[in-house]
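Residue strings, one per chain:
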Amino acid sequence: MLHLQAVGQELVHMIGATAATLAFEVQTARRRYFVPRGHVDQLGAAPLPNASEAHGRPLLTRDLGPLLDPEDSGAPARQALTVLLRRRTVVLRVQRIESLESVTVHPLAPLLRRRLRAPWVLGAVIRDDQPVLVLDMRRIATDLALGAVL
Amino acid sequence: MSDCATPVLIPEEGQHGDPSASLIVRTGIEWYALPGACVREVIRWRAPTPVPGTPAVIPGIINQRGSIVPVVDLRIALGFPASAPERSTRFVLLHHETVALALLVDAVIDLVLLDEDTFEPPPAGRVRLLAAVSRYEQRPLGVIDPGALIAAVQEGL
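In order, the protein sequence lines correspond to chains A and B. Just so we're aligned, residue 1185 is where the first sequence starts under the numbering used here, counting upward by one. Just so we're aligned, residue 90 is where the second sequence starts under the numbering used here, counting upward by one.
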């Protein structure tokens, strides 16, 4: 596994209403997302089903695709993004991690932000003329650890 | 009736319209008028990017010339069930005060000048999103109040 915590400071600068940041592009069965590099502590192959944390507690592991969209399932999740929280380690499986690149994040419109059930989306990146969501992976991991997600 | 600033109307075919005009759209079998001063553009349907955790009335976001715009489904806003997109499905890009949205409609019918003298108060059950009712080509026509529509979406439609 590649440990990312020591790989320097995340490049973030606000330019008007948009922000540039380094992010992983990840692919689920049906969708793609961007995940800020600073939200991910480790990445690598998806762990075995019975994998546990260093002190023996089972890893909290979920597939990212169906977590965000119930219809986004089917393909095997081969790779994983790991978020280390203070008390839990959360592993979110994806089909593929495509790239790490600097992206310009457009914030969501207030009309939309106000209606989000959970603040899991930081904004969107335009790729191939389509918006691609940028996820707040630490918030997703925290909600999973708190049991706030079924 | 409308608080839409900078009235510019650019329908799909590219003609520029009168800002006092109304854009007639179809949702299901019902026709509605949108104030032309709020309409920026009519664009063909393309699959919006869904945003997890949003209600059905906001089926996603689209990119329109570098801006990320939320989509509002007029069918659902009016209390009808959602439907699959057809060849005639369009997004009507609306700007109202500081809010921009892409209104999902089943079809765009026409750009017309409506005689406001024919406007009547909306019936009690539909008053929330309508500024008035009228008739167009012998059909009943609901005149959408964009401010009320946005407020309803913000408040939890």
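Just so you know, the hints here were simulated from the structure itself, not pulled from any lab data. One should not assume that every hint holds.
Stated by the list, open to error - Covered by chain A, according to a simulated footprint, are these stretches of chain B (three or more residues, beta-carbon under 8 Å): (1) 118-128; (2) 196-210; (3) 233-245.
Said to hold, decoys possible - To give a feel for the contact side, a few chain B residues facing chain A, derived at Cβ under 7 Å: (4) I150; (5) N152; (6) I157; (7) A213; (8) L219.
Just so it is clear, CB atoms sit at the ideal spot from N, CA and C, and this is done for glycine as well.
Going through the hints against the structure:
no.: 1; hint: 118-128; in the structure: violated (count 0)
no.: 2; hint: 196-210; in the structure: violated (count 0)
no.: 3; hint: 233-245; in the structure: holds (count 4)
no.: 4; hint: I150; in the structure: 5 Å, holds
no.: 5; hint: N152; in the structure: 5 Å, holds
no.: 6; hint: I157; in the structure: 5 Å, holds
no.: 7; hint: A213; in the structure: 27 Å, violated
no.: 8; hint: L219; in the structure: 20 Å, violated
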